[in-house]
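S.K.: Taken in order, these protein sequences are the chains called A, B and C. For the first sequence, our numbering begins at 11 and goes up steadily by one. For the second sequence, our numbering begins at 79 and goes up steadily by one. For the third sequence, our numbering begins at 411 and goes up steadily by one.
Just so you know, these hints were derived from the structure itself, not from any lab. Any given hint could be a false lead.
Claimed, not checked - Using 20 Å as the maximum straight-line C-alpha spacing, the simulated SDA-like pairs for lysine to any residue come out as follows:
| no. | chain 1 | residue 1 | chain 2 | residue 2 |
| --- | --- | --- | --- | --- |
| 1 | B | K484 | C | K582 |
| 2 | B | K287 | C | R622 |
| 3 | B | K404 | B | V414 |
| 4 | C | K582 | A | Q301 |
Stated by the list, open to error - Stretches of chain C that chain A covers, calculated by requiring three or more beta carbons in the stretch to come under 8 Å of a beta carbon on chain A:
| no. | stretch |
| --- | --- |
| 5 | 466–473 |
| 6 | 569–578 |
| 7 | 736–743 |
Unchecked claim - Not everything, but these chain C residues come out facing chain A in the computed CB check (under 10 Å):
| no. | residue |
| --- | --- |
| 8 | L562 |
| 9 | S581 |
| 10 | P587 |
| 11 | A589 |
| 12 | L685 |
| 13 | L722 |
| 14 | M726 |
By construction, the Cβ of each residue, glycine as well, lies at the ideal position given by its N, Cα and C atoms.
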Amino acid sequence: MARLAWARSHLRLRANVVLLLSLLALFAVLTGGSTLSSENLHNLTQQIAITAPVVLAQMIALLIGGMDLSVGAVLAMSGVLAVGLQPLGLWPAVIVAVLFGTLIGAVNGLLVTRAGVNAFIVTLGTMYLVTGALLTYTHQQPIAGTIPAFTEFGGGDILFVPTPVLIVLVISAVLHGFLVYTRTGRNLYAVGGNADAAFVTGIAVQNHKLLGFIIAGTLSGIAGVLLASSLNSGSVQVGANASLTSIAAAIIGGASMFGGRGGIGGALIGVIVLGVLANGMNAVGVSTYYQIGVTAVILIAVVVLDAVNSRVVSRPSLSNISRPSLRRRSNGVLVNRTP
Amino acid sequence: MAGRGLNDSGAAPAGVPLDTLGSGATPGGATAIVCRLGIQCHHSGPEMPAPLLELEHITKTFPGVLALDDVSFDLNEGEVHALVGENGAGKSTLVKIVSGVHEPDSGVIRLLGVPREIHNPIDARRLGISPVHQELALEPYLSVAENIFLGRQPLGFGRAIDWRAMRREAQRLLDELGVDLDPEIPLGMASVAQRQMVAVARAMSAEAKVLVFDEPTSSLTESETRHLFGVIADLRHRGFGVIYISHRLDEVKETSDRLTVLRDGRQIATVVTAETELPAVITMMIGRELTEMYPARPGASEVPALEVRGLTKQGVLADVDLTVRKGEILGIAGLVGAGQAELALCLFGALGIDSGTILVEGQVAHIKSPSDAIRHGIALIPEDRKEQGLISAFSVARNVSLASLKVLSHLGILDLSAERRLADQYIDRLAIKTPRREQAVSALSGGNQQRVVIAKWLATNPRVLVVDDPTRGIDVGAKASIHQLMVDLAHDGVAVLLISSDLPEVLGMSDRVLVMHRGRIAGELAGEEATQAAVMDLATGQVSGLTEEPANA
Amino acid sequence: MPDSVTRALGDGDGEGSGRQWKVPFASLGRGRSRWIVVFIRNEMPLVLLVVLLLVGGLLSPVFLTPRNMLNILWAVSVLGIVALGQTMLLISANFDMSVGYVVGLVGVVIILTQTALGFGLVPSIAAGLLVAALFGLFNGGLVVLTGASPFLITLGSGTLAYSIALALTGSKTLYTPIASFTALGQGRLVDGLYYSTAVFLVLALALEYALRRTTYGRSLFVLGTNEVAGRLSGLLVARTKIMTFVLCSLFAGLAGLMVTSRDGSTVANVGVGYLFDSIIASVLGGTSLFGGFGGTLRTVVGVLVLGVLSNLLILMDVPAEAQAIVKGAVFLSVVWADGVLRSK
């Protein structure tokens with residue numbers, strides 16, 4: 011039954027913290043303590059804060075039983091919009107940038123809920139579409155920011171703490187409150203955990219899934235603004251690997267391919283773990299090529315573990331053939347088989 | 079059937095008051111019934127409440143099958159009304175109509191006297207109808223407390239969910255129900271019995287009025303069952319209405335106030351439980367003489383076709399021994415969940431076993447997958463013919479050839495004309511009614527679909543044929559022809575293992591009957607001693623001498 | 411009410427099945443007037459191709475010339491080979507997200523074994539294809555053993571392939587030392603018909619034959635429609651799945667060979683565009699993303715549609731980047747239609 015899965019998820023939290031501390035220690039040793047310098051810690055936390063919203067987005071997409079591969083593309087495009095539209099004013103540009111994410115989230119959600127298509131495929135398509143739009147808009151050239159105040163979001167500090175960290179903490183608190191203390195938030199868990207149960211309870215499953223995708227898209231938009239702000243430019247190069255790393259981080263943080271699991275705290279831990287790893291690898295001098303490989307291996311490992319873990323619960327599976335009480339249930343967003 | 083002289087229509091002997099509610103019970107009439115039954119009336123006095131739930135003249139057809147024919151059913155507050163009948167009698171259809179899964183073709187549903195439309199499960203729940211048995215409605219990853227309050231979590235300060243209050247309230251409900259369960263743990267961690275209690279707690283907190291239990295005790299231990307009965311009695315006392323469906327007539331006798339017998343979609347009788355004897359109920363359920371329905375069986379040879387020694391699967395089957403001879407039909411009976419379906423899957427290699435040996439025609443067979451089983455000449459017609467036995471989107475021809483692809487091909491290349499000929503051969507031999515062999519099987523009737531499944535397996539020339547509930551949901555005429563088919567197969571030397579929850583079918587078709595109980599073979603019956611009562615005794619574990627631990631407690 | 415809820419609440423009592431799948435040409439013969447409507451609906455890809463060709467013909471006089479047609483065919487041949495492998499997987503209800511990166515990695519391996527290890531032509535090609543097969547084995551094995559999502563497993567393995575390719579090339583272009591190598595990719599069978607095109611078409615035909623006439627092909631459709639019933643009928647599900655993953659990766663490897671020999675050089679990210687295009691080509695051709703329906707000849711049509719579309723967009727002076735938008739939009743609409751038509 012779920013006994014093992016539950017025990018494992020609690021262990022997972024502790025394991026993550028242990029992992030985190032070990033990584034910090036490892037890299038500190040390998041670099042003779044320079045990774046623990048205040049400068050590095052500043053950069054580290056800044057980087058983590060900038061990549062966090064994307065992981066939160068992915069966590070929510072996974073929560074409702076879906077997935078969002080378009081996060082990277084939206085991230086890049088939002089950043090470009092935030093910079094490119096600055097002639098219209100700082101805040102209009104930022105708001106449009108974030109709303110772009112919301113828009114794509116809505117597109118994703120509508121295609122998944124109204125057409126019943128796989129979230130993977132849909133977000134793959136929107137990723138492609140947005141990337142195309144991005145390339146067209148920028149003609150493959152980065153755009154430089156024109157308003158100095160823009161860099162405050164991602165690059166500024168408030169009392170020695172990088173501004174993005176504070177922004178992300180506020181966002182996380184709001185999301186956490188939403189997910190834990192509102193019925194709508196809890197419904198997201200219900201929809202992802204067992205869509206049929208949610209349905210017969212009277213929860214509007216499709217609308218909640220749509221909401222999930224919209225939130226995810228918006229968060230990706232926010233991430234794009236933060237990133238562009240820290241670089242003070244909108245570039246097409248960023249975000250290429252974001253889908254992959256965000257999925258890995260979210261699952262490390264407790265989310266599951268099969269939906270219904272995860273939380274803000276866990277997701278933050280996941281992004282911190284991967285962030286420390288990336289930071290450490292950079293400090294040690296590991297080439298980016300290998301870094302990509304490491305992330306890929308981590309993703310595979312994490313996905314395999316998630317799959318094996320979820321088998322322990324009496325999840326709907328095609329091998330539960332005989333017992334009358336264990337009929338097949340479909341998750342709604344994902345097809346009956348995990349694609 | 080020993081004893082009573084009963085006529086064909088299955089009417090019980092005189093002396094048992096029959097409530098035939100088919101004639102539109104008026105509130106006045108309902109009043110009379112409530113009092114006549116002697117149930118504790120909550121509102122004594124001239125103002126009698128309308129029945130909690132009334133179903134009048136409900137008719138429901140599915141393609142090819144008349145599931146419910148003018149059935150009426152009513153439920154009062156503070157009453158436990160049981161529904162009994164064999165498989166296919168219409169019990170589950172009736173319950174599905176009540177819970178909103180199906181809509182009746184005709185008839186009226188009334189709650190507390192007011193006609194209501196129930197289009198889907200949400201409507202049913204809103205009207206206070208709460209099916210307790212559905213795994214469907216539970217969130218394994220959310221806590222027990224949250225499952226109880228799903229969608230209705232208590233709100234506290236600033237409209238935020240008050241987790242503490244939810245936990246307290248959940249704990250209170252669980253305590254009231256006498257369940258020892260931590261409301262914080264994920265529901266997936268709870269046992270089946272506990273999950274049932276959670277569903278009851280949910281119904282109670284949601285102010286449901288009608289609770290529906292469908293075979294609730296099939297996975298419960300003795301003590302859990304007793305606990306459940308206590309809870310049901312308590313629910314009764316509080317004025318809930320309970321619909322209780324079960325094959326276990328002894329339980330029905332113990333817990334229900336009234337019971338309704340369905341047979342072939344028709345309402346046979348509604349009686350007061352206390353005033354009715356079980357044998358009478360059984361007869362009403364079956365309503366026909368055994369010997370007429372089933373074809374005469376040829377004698378079986380002495381040569382064993384399939385032998386099973388010590389088959390064990392942790393938590394499911396324990397030490398199962400059996401032998402099926404060539405030309406013999408061995409029946410496997412038992413309550414739902416006793417392990418018959420699992421036994422079939424294990425024999426077929428679809429489910430792994432922990433220990434035990436299988437011998438086919440004297441040779442040890444290592445069966446680790448269905449293809450191994452097929453190679454050894456074992457075929458399985460599964461319980462769920464639509465999802466497991468057939469590929470609905472495929473044509474008749476492609477389904478018939480599905481298990482014989484290797485034979486129909488040379489070096490991996492299919493001989494399509496051979497496939498067509500095979501299909502034609504079996505369409506003819508089994509009288510499969512289909513306009514073309516390319517017709518998608520999803521369009522065929524249940525009986526014809528089953529024939530296609532049988533054809534598929536006959537094409538493999540099996541030595542042992544395991545059938546699980548072959549005539550479930552099939553109309554009477556088709557049933558008879560499938561029975562004849564099985565007998566013909568036995569005549570040809572095939573060993574048939576017949577698993578069925580349709581008692582008369584098992585008794586009528588089999589040379590011998592093995593009865594399973596909680597994963598073990600409880601006993602073997604043959605000839606004269608193979609009676610319904612004997613089977614039920616063994617199936618419910620009431621025969622003394624069964625001192626071992628059940629396999630699936 | 412969701413199909414799943416009805417099913418989950420139990421069948422019993424002989425009710426009819428809920429889902430109705432479209433069987434191609436099944437409604438033919440049921441009334442001549444509807445014949446044309448049904449045909450168009452079922453064979454939408456072909457209709458689309460014809461429409462696009464006509465539009466092209468209207469836009470430019472040189473569009474419908476044999477030379478131009480063969481050029482288009484040549485341009486899409488490499489993609490086509492990748493798409494063929496993807497189609498086979500899609501029919502069995504799986505995906506391979508690693509194809510793009512495997513294309514690149516195989517090219518890298520081929521040239522690197524030539525330069526660094528002094529392999530000859532054949533050994534280097536063998537090494538490349540072996541690497542592709544290994545990736546397929548890895549993908550299929552993990553999916554079968556763990557039940558994890560093919561999407562994510564192949565996403566991971568693809569990225570891993572990319573990482574290896576990047577590390578091996580240092581982001582530089584590698585050039586083949588063997589002059590005759592380019593003969594394969596640039597060579598022509600007949601005037602206008604390149605080897606790669608011939609390979610593509612031959613493979614498409616061979617696979618189509620396999621799909622319709624072999625037990626393997628039949629198994630793929632079974633897997634994509636109802637895996638459980640297939641298993642319970644004795645089909646060797648795990649073996650078939652792994653084989654198909656290997657096949658798909660091998661085809662990606664073959665494409666890598668083709669493109670490397672065409673250019674005489676390779677870079678790590680040469681195949682990045684093929685992933686998306688292979689899926690969109692399959693879907694445009696009518697192969698269902700839900701599994702159980704499709705074909706490789708259909709994919710030929712799909713690939714041609716993509717090629718013609720690109721050609722058209724170039725004719726209309728649409729910049730390359732904007733083409734991605736068009737393709738993406740087309741993809742999403744086709745996917746939407748597929749979802750609405752094939753599964754409720």
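S.K.: Could you run down the list of hints and mark each one as holding or not?
M.R.: Taking the hints in turn, this is what the structure says about them:
{"no.": "1", "hint": "B:K484 with C:K582", "result": "violated (50 Å)"}
{"no.": "2", "hint": "B:K287 with C:R622", "result": "violated (57 Å)"}
{"no.": "3", "hint": "B:K404 with B:V414", "result": "violated (28 Å)"}
{"no.": "4", "hint": "C:K582 with A:Q301", "result": "holds (18 Å)"}
{"no.": "5", "hint": "466–473", "result": "violated (count 0)"}
{"no.": "6", "hint": "569–578", "result": "holds (count 7)"}
{"no.": "7", "hint": "736–743", "result": "holds (count 6)"}
{"no.": "8", "hint": "L562", "result": "holds (4 Å)"}
{"no.": "9", "hint": "S581", "result": "holds (8 Å)"}
{"no.": "10", "hint": "P587", "result": "violated (24 Å)"}
{"no.": "11", "hint": "A589", "result": "violated (30 Å)"}
{"no.": "12", "hint": "L685", "result": "holds (9 Å)"}
{"no.": "13", "hint": "L722", "result": "violated (16 Å)"}
{"no.": "14", "hint": "M726", "result": "violated (15 Å)"}
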